[in-house]
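First to last, the protein sequences are chains A and B. Last residue of the first sequence: 122 in the numbering used here, with the numbers rising by one and none dropped. Last residue of the second sequence: 83 in the numbering used here, with the numbers rising by one and none dropped.
Please keep in mind that the hints were generated in silico from the structure rather than gathered at the bench. Treat the hints with caution; some may be incorrect.
Here are the simulated lysine-lysine pairs, PhoX-like style, with alpha carbons at most 25 Å apart [what the hints assert, rightly or not]: (1) B:Lys26 <-> A:Lys108; (2) A:Lys68 <-> A:Lys82; (3) A:Lys27 <-> B:Lys31; (4) B:Lys67 <-> A:Lys68.
Okay, the calculated beta carbon distance ranges per label pair [said to hold, decoys possible]: (5) B:Arg49 <-> A:Lys82: 34 to 40 Å; (6) A:Glu85 <-> B:Tyr77: 19 to 25 Å; (7) B:Gln43 <-> A:Ala75: 32 to 38 Å; (8) B:Ile25 <-> A:Leu47: 50 to 56 Å; (9) B:Leu37 <-> A:Glu70: 32 to 38 Å; (10) A:Ser58 <-> B:Arg49: 29 to 35 Å; (11) B:Arg14 <-> A:Thr76: 50 to 56 Å; (12) B:Arg14 <-> A:Lys55: 44 to 50 Å; (13) A:Ser94 <-> B:Ile25: 16 to 22 Å; (14) A:Lys29 <-> B:Lys26: 44 to 50 Å; (15) B:Lys21 <-> A:Ala75: 33 to 39 Å; (16) A:Val100 <-> B:Asn5: 55 to 61 Å; (17) A:Glu104 <-> B:Asn5: 55 to 61 Å.
The model shown is predicted, which means the values in this text are computed figures rather than measured ones. Just so you know, even glycine gets a beta-carbon here, dropped at the ideal spot from N, CA and C.
Below, each chain spelled out in residue letters.
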Amino acid sequence: MALNNYETVFIVTPVLSEAQMKDTVQKFKELMQNNKAEIVHEENWGLKSLAYEIKGKSTGFYTLVEFKSEPTFIATLETEFKRDERIMRFLTVSLDKHAVAYNERRRKGFPKIEKTKKAVAA
Amino acid sequence: MTLVNESVQKTEIRKKYCRFKKSGIKYIDYKDPNFLLKFINEQGKILPRRLTGTSQKYQRKVAQAVKRARHIGILPYVADGLK
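Looking at chain A on its own, in the form it has when it is part of the complex (with noise of 0.2 Å):
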């Protein structure tokens, strides 16, 4: 029953309005939640341009989500993922301990001045 790290990063079609593309988001969060995942953090990019098209179009919404989970529930997002017309693309990559470790500093935006001082002082 060990819950696995997992990051996804979907792309919401740009045709959507704001309020349409935060409940196609909001879905998804329930989807995790009723799938006794654990959401440890959530980032919302906005509308960014793509460096391709994709589905003919040449920006998209992106949102990240970091959360834990059991590995049998990642399929069911990824089939979720899949129907859902209104995502253009999905990753969900599953993350090592360096990874954690990377996105919590991530969160912080990377302390390392702090480090600096630190080895100043000693």
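We have chain A already, so just place chain B on it with the hints.
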């Protein structure tokens, strides 16, 4: 007449090093395009180890990260004049 050869002017050979090993980076983030840009050429191709000096262990991770970034539309699969 001396038979000693003239010393050849050698330009300083700088040894390549793996930047991940040197600076202790353990995880390569696929969400950071500016960092990944260092490992691709202007066509968007992944640069070989012989050019970047990356160790085999981290080259695999770089390649994985670049491919993930391409999938989610952060980096292009094909490009012209990326840099």
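Evaluated hints:
About 18 Å separates the Cα atoms of lysine 26 of chain B and lysine 108 of chain A, which keeps this hinted pair within 25 Å; it holds. For a cut-off of 25 Å, the pair hint linking lysine 68 of chain A to lysine 82 of chain A stands: about 21 Å separates their Cα positions. Distance restraint check for lysine 27 of chain A and lysine 31 of chain B: the Cα-Cα separation of roughly 23 Å lies within the 25 Å cut-off, and the hinted pair is therefore satisfied. For the suggested pair lysine 67 of chain B and lysine 68 of chain A, the alpha carbons sit about 24 Å apart, so the restraint of at most 25 Å is met.
Separated by about 36 Å at the C-beta atoms, arginine 49 of chain B and lysine 82 of chain A satisfy the suggested range of 34 to 40 Å. In this structure the hint that glutamate 85 of chain A and tyrosine 77 of chain B lie 19 to 25 Å apart at CB holds, the actual value being about 24 Å. A hinted range of 32 to 38 Å for the beta carbons of glutamine 43 of chain B and alanine 75 of chain A is consistent with their spacing of about 36 Å. Distance hint check: the CB atoms of isoleucine 25 of chain B and leucine 47 of chain A are about 30 Å apart, inconsistent with the given range 50 to 56 Å.
Separated by about 36 Å at the C-beta atoms, leucine 37 of chain B and glutamate 70 of chain A satisfy the suggested range of 32 to 38 Å. With their beta carbons about 34 Å apart, serine 58 of chain A and arginine 49 of chain B fall inside the hinted range of 29 to 35 Å. A C-beta distance of roughly 52 Å is found between arginine 14 of chain B and threonine 76 of chain A, which places it inside the suggested range of 50 to 56 Å. Between arginine 14 of chain B and lysine 55 of chain A the beta carbon distance is about 47 Å. The supplied range of 44 to 50 Å therefore holds.
Checked against the given bound of 16 to 22 Å, the beta carbons of serine 94 of chain A and isoleucine 25 of chain B, roughly 19 Å apart, stay inside it. Restraint check, lysine 29 of chain A to lysine 26 of chain B: a C-beta distance of roughly 29 Å breaks the suggested window 44 to 50 Å. Roughly 36 Å separates the CB atoms of lysine 21 of chain B and alanine 75 of chain A, a value that falls within the hinted 33 to 39 Å. Range check, valine 100 of chain A to asparagine 5 of chain B: Cβ separation about 59 Å, and the 55 to 61 Å hint holds.
The given range of 55 to 61 Å is respected by glutamate 104 of chain A and asparagine 5 of chain B, whose C-beta atoms sit roughly 60 Å from each other.
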